[in-house]
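*Asks:* Letter by letter, the chains look like this.
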Amino acid sequence: MKVAVVVFPGSNCDRDMHHVLSDVFKLKTELVWHTDEFPKNIDAIVLPGGFSYGDRLRAGVIAAHSPVISEIKKMAEKGMPILGVCNGFQILVEAGLLPGALLKNTSLTFMCKWTEIIVKNNKTPFTNKLKLNQRIPIAIANGEGRYYADKETLRSLKKNNQIVFTYGEEVNGASLDIAGICNKQGNVVGMMPHPERSAESIINPKNSKPASLIFESLLNTLGVVQ
Amino acid sequence: MSLTPQEHAFLEKKIGRKPSPVELQIVAAEWSEHCSYKSSKKHLKLLPREGSRVISGPGYDSGVLDVGDGYVVTVHIESHNHPSAVEPYGGAATGVGGVIRDILSVGTRPIAILDGLRFGDIEKDPHARWLFKNAVRGIADYGNCLGIPTIGGEIEFDKCFTNYALVDVAAIGFGKKEKLIKNRADKDDFVVLIGGSTGRDGIGGSQFASDKLESENRSAVQIPDPFIEKLVIEAILEARDQHCIKAMKDLGGGGLSCAISEIADALSVGIEMDVARIHKREASMSPTELMVSESQERMLVITDRQKLPILKKICEKFRVPYSVIGKVKEDRMMQVRVETNTIANLPSSVITNAPLLDRPASKPKYLKKIEEIKKPNTPNDLTGTLLQMLTNPNIASKIWVYGQYDHEVGIRTVVKPGYDASVLRLDNGKFLSVKIDGNSKQCYINPRQGAIGCFEEACRNVVCTGATPIGMVDHLQFGNPEDPEIFWTFKESLEGISEFAKYLEIPCVGGKVSFYNETDNGPIKPTPLIGVLGLIDKKPLLTQKIANNNMLVIVGETKDELGGSEYYEYIHDIIGGTSPIVDMKSAKLNQQIILELINQGLVNSAHDCSKGGLAVAVSELCITNDMGCVVSIDKIPGQKLKPDEILFSESHSRYLLVIDPKNSDKIKSLLKQKNVSYAFIGKFSGSNIIFRNKTKTIANLRVDKARDKWLNSLESLVTHG
Chain A
3 MKVAVVVFPG
13 SNCDRDMHHV
23 LSDVFKLKTE
33 LVWHTDEFPK
43 NIDAIVLPGG
53 FSYGDRLRAG
63 VIAAHSPVIS
73 EIKKMAEKGM
83 PILGVCNGFQ
93 ILVEAGLLPG
103 ALLKNTSLTF
113 MCKWTEIIVK
123 NNKTPFTNKL
133 KLNQRIPIAI
143 ANGEGRYYAD
153 KETLRSLKKN
163 NQIVFTYGEE
173 VNGASLDIAG
183 ICNKQGNVVG
193 MMPHPERSAE
203 SIINPKNSKP
213 ASLIFESLLN
223 TLGVVQ
Chain B
76 MSLTPQEHAF
86 LEKKIGRKPS
96 PVELQIVAAE
106 WSEHCSYKSS
116 KKHLKLLPRE
126 GSRVISGPGY
136 DSGVLDVGDG
146 YVVTVHIESH
156 NHPSAVEPYG
166 GAATGVGGVI
176 RDILSVGTRP
186 IAILDGLRFG
196 DIEKDPHARW
206 LFKNAVRGIA
216 DYGNCLGIPT
226 IGGEIEFDKC
236 FTNYALVDVA
246 AIGFGKKEKL
256 IKNRADKDDF
266 VVLIGGSTGR
276 DGIGGSQFAS
286 DKLESENRSA
296 VQIPDPFIEK
306 LVIEAILEAR
316 DQHCIKAMKD
326 LGGGGLSCAI
336 SEIADALSVG
346 IEMDVARIHK
356 REASMSPTEL
366 MVSESQERML
376 VITDRQKLPI
386 LKKICEKFRV
396 PYSVIGKVKE
406 DRMMQVRVET
416 NTIANLPSSV
426 ITNAPLLDRP
436 ASKPKYLKKI
446 EEIKKPNTPN
456 DLTGTLLQML
466 TNPNIASKIW
476 VYGQYDHEVG
486 IRTVVKPGYD
496 ASVLRLDNGK
506 FLSVKIDGNS
516 KQCYINPRQG
526 AIGCFEEACR
536 NVVCTGATPI
546 GMVDHLQFGN
556 PEDPEIFWTF
566 KESLEGISEF
576 AKYLEIPCVG
586 GKVSFYNETD
596 NGPIKPTPLI
606 GVLGLIDKKP
616 LLTQKIANNN
626 MLVIVGETKD
636 ELGGSEYYEY
646 IHDIIGGTSP
656 IVDMKSAKLN
666 QQIILELINQ
676 GLVNSAHDCS
686 KGGLAVAVSE
696 LCITNDMGCV
706 VSIDKIPGQK
716 LKPDEILFSE
726 SHSRYLLVID
736 PKNSDKIKSL
746 LKQKNVSYAF
756 IGKFSGSNII
766 FRNKTKTIAN
776 LRVDKARDKW
786 LNSLESLVTH
796 G
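As they're listed, the protein sequences go chains A and B. What the first sequence shows, in the working numbering, is residues 3 to 228, in sequence order. What the second sequence shows, in the working numbering, is residues 76 to 796, in sequence order.
No lab work stands behind these hints: they were computed from the structure. Every residue, glycine too, gets a C-beta built ideally from N, C-alpha and C. Don't take each hint at face value.
Claimed, not checked - With a straight-line Cα cutoff of 30 Å, these simulated DSS-like cross-link-like pairs (lysine-lysine) come out:
1) B/K505 / B/K660
2) B/K491 / A/K211
3) A/K75 / A/K106
4) A/K115 / B/K355
5) B/K660 / A/K115
To be verified - For the chain B half of the interface with chain A, some residues (derived, Cβ under 10 Å), not all of them:
6) R92
7) P94
8) L617
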């Protein structure tokens, strides 16, 4: 079982994600540079956080047009578990793999803090070990993290059970307090908060267990026996 | 600004001829105060540089400390004051970029940023507010994009910084000892310029910073591009891993002039370079402009013939521009050509060794005047005074600032900003505790003791996390050194810092001197800034939630030392009196005993008592734990003082400990045994912060009310003020 963490120029949570997947959850993990040939025997893909291409033009938009994305789209269609965190979420949205857009926070500033998100869909490859409505203490850090979609899209997100996480408090003015969503099939998940910053007790000031269940869900999906 | 007539004559004598115009500019850049330390160099020898953990290498731009198991921590501190005062966003951002490259240049990955910021009175001065807001945004945008957490710092507002800004940035690096760049070069090695293109920004920046700030010289301010810096970092670290770097230096003040001459001199080699090969932002730049431009995000790498193709390939992978601009030679000359035409040819040792100065120093007259003050009357409403103190921008929570900084990226931040010191986990299972401290108000009243106080405060902060101080960096910021009174304050501060460093056996592993911090309003107050690094072998003291009936213990003595205190200056508008004096013996003893208590697991949390004194320190404990406390001030050890003086004195070497009642006997006996001044002064319970003098309640403040003021006043000032 092997996970690819895709690295774009300006990605900066790639090494953190790699550490958590490989050192904490003992998954075979490979950092894949965006222009390198995509490894064949991959079972899941993570797009990490950061500032791909320096957030130029719009967060995630340039990375979303890089050649590696067409490869990722193919994998997405095949049902491979794909997780985008923070800038990774922005890339998935810009690439059209997930609906909606991510706008500047209502505070108009970058915000780094700890908050709680609530599980709204526990059927995805990244949430199947969590309980519905379970609260996850988690770190957020972004400037353009306010999820936005038009009414129709929001309706269909609700109807198709695509809202995966909502915030437990007002954070950035996101539509329906959305913190994370998935595609209709449920295999592609994007979230603004950082599970990789929240899954170890030494750095999570509250409780790291719920966030670690996001990774344990992936292990469960991939059939890794712990 | 250029060379003085004396310097001109000195240069001609050294090289035995008239310098060419380009040579003159190269030398002027390197002989600026900013690059040459010509006023301070003779005195900086006072600082103790050696220690069992210190690793020094030729031409290292960062301090290197061995933290065991084959790992090193690196540290450096710099300021970007003049640029930030003109263009706070770009000035502060490029300040971050510059110090990060110093960490990178020794071959370590930057893992944390701390910043010390100083502005005018933001309550009254909208320009100070503008500078503050934009400097914070500049640091945030740059550090966040790099993915290097800004984990701490400190902020001070004082009228002496009106129309000015001090932006100090410290950076921490981490890496394997074996991967440190060895910094050597051999004949025919290649000199490669890697990173952003060279443009017309930052022309003459080092000279600009070596004079009083009179005009807004915008072309001397550099333009930030964190995205390129991020790519440069990754490319350089990959090149390091593939052994492509024999020597390396970042380009900072003085641009190529300084980088080339300094690396050649440090490695005892010569370098010949061709300015025509430099990748430029603008086609028509003159050779002089290219040599002194301080365009950012550039590194100078020396590599050999065999590794050059690999280095090129790495740069191409990250799409980082580069140019092979020259070669190493044996003759120790720095030779600059435009294609085949030589335009400068100077011994690098001449360029890097400006004639040093013996500046006269004399004790400032103002010091005598401000000694004698009329003590203020004790306010009738000390509750109101306390609330006012918590609203004071110098004391109120800085969450509005650090909430904009990504302080979690890198997943090392164990103790987050907002506590005494920030703590990072290291790959060898140990922890690094870091803090920077400054206090211009106290340094103005007593430059020597003020500087020692900043040093001791930074030590106290790391000690409160359970760390033993292992190294320090200093950043000494003053006005015009040509003024003997200002130079005296510099010397006093430096001597104080050196004395304390020797006494505590904490080596100085880096630092910087910044003079000419003045505007038409006059010089800034003396502002030395001290950064202390502490190491924790096992586990840091993670502040535990205060429980009902936990006890409050004070260690250290409270004295009549309110000169330069927030209470005198903010509440009573008094500048003067006696400022705190560090008793070195108790400073050391108290550090040892606090660490012992923490290591024995007897303490739930430890908090330093500093700005705002005891009353503020207790309030902070109560606010962050949502718990009240009843404190008896009559029990506090020290001099006999009035109640307001006990509440707000900023005497050093004091710690507040929160303990479980079950440990009280053990703690008492340990403190007694070591002969430490201490007292059990309070108990946590209820929802009010209460100070009692014997049976009389002298202040009684609701925790939620205190929290509201402390937590929100800075943000409301900045966003609505």
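*Asks:* A separate judgement is required for each hint: does it hold in the structure or not?
*Replies:* Hints versus structure:
no.	hint	result
1	B/K505 / B/K660	28 Å, holds
2	B/K491 / A/K211	20 Å, holds
3	A/K75 / A/K106	26 Å, holds
4	A/K115 / B/K355	40 Å, violated
5	B/K660 / A/K115	40 Å, violated
6	R92	47 Å, violated
7	P94	41 Å, violated
8	L617	8 Å, holds
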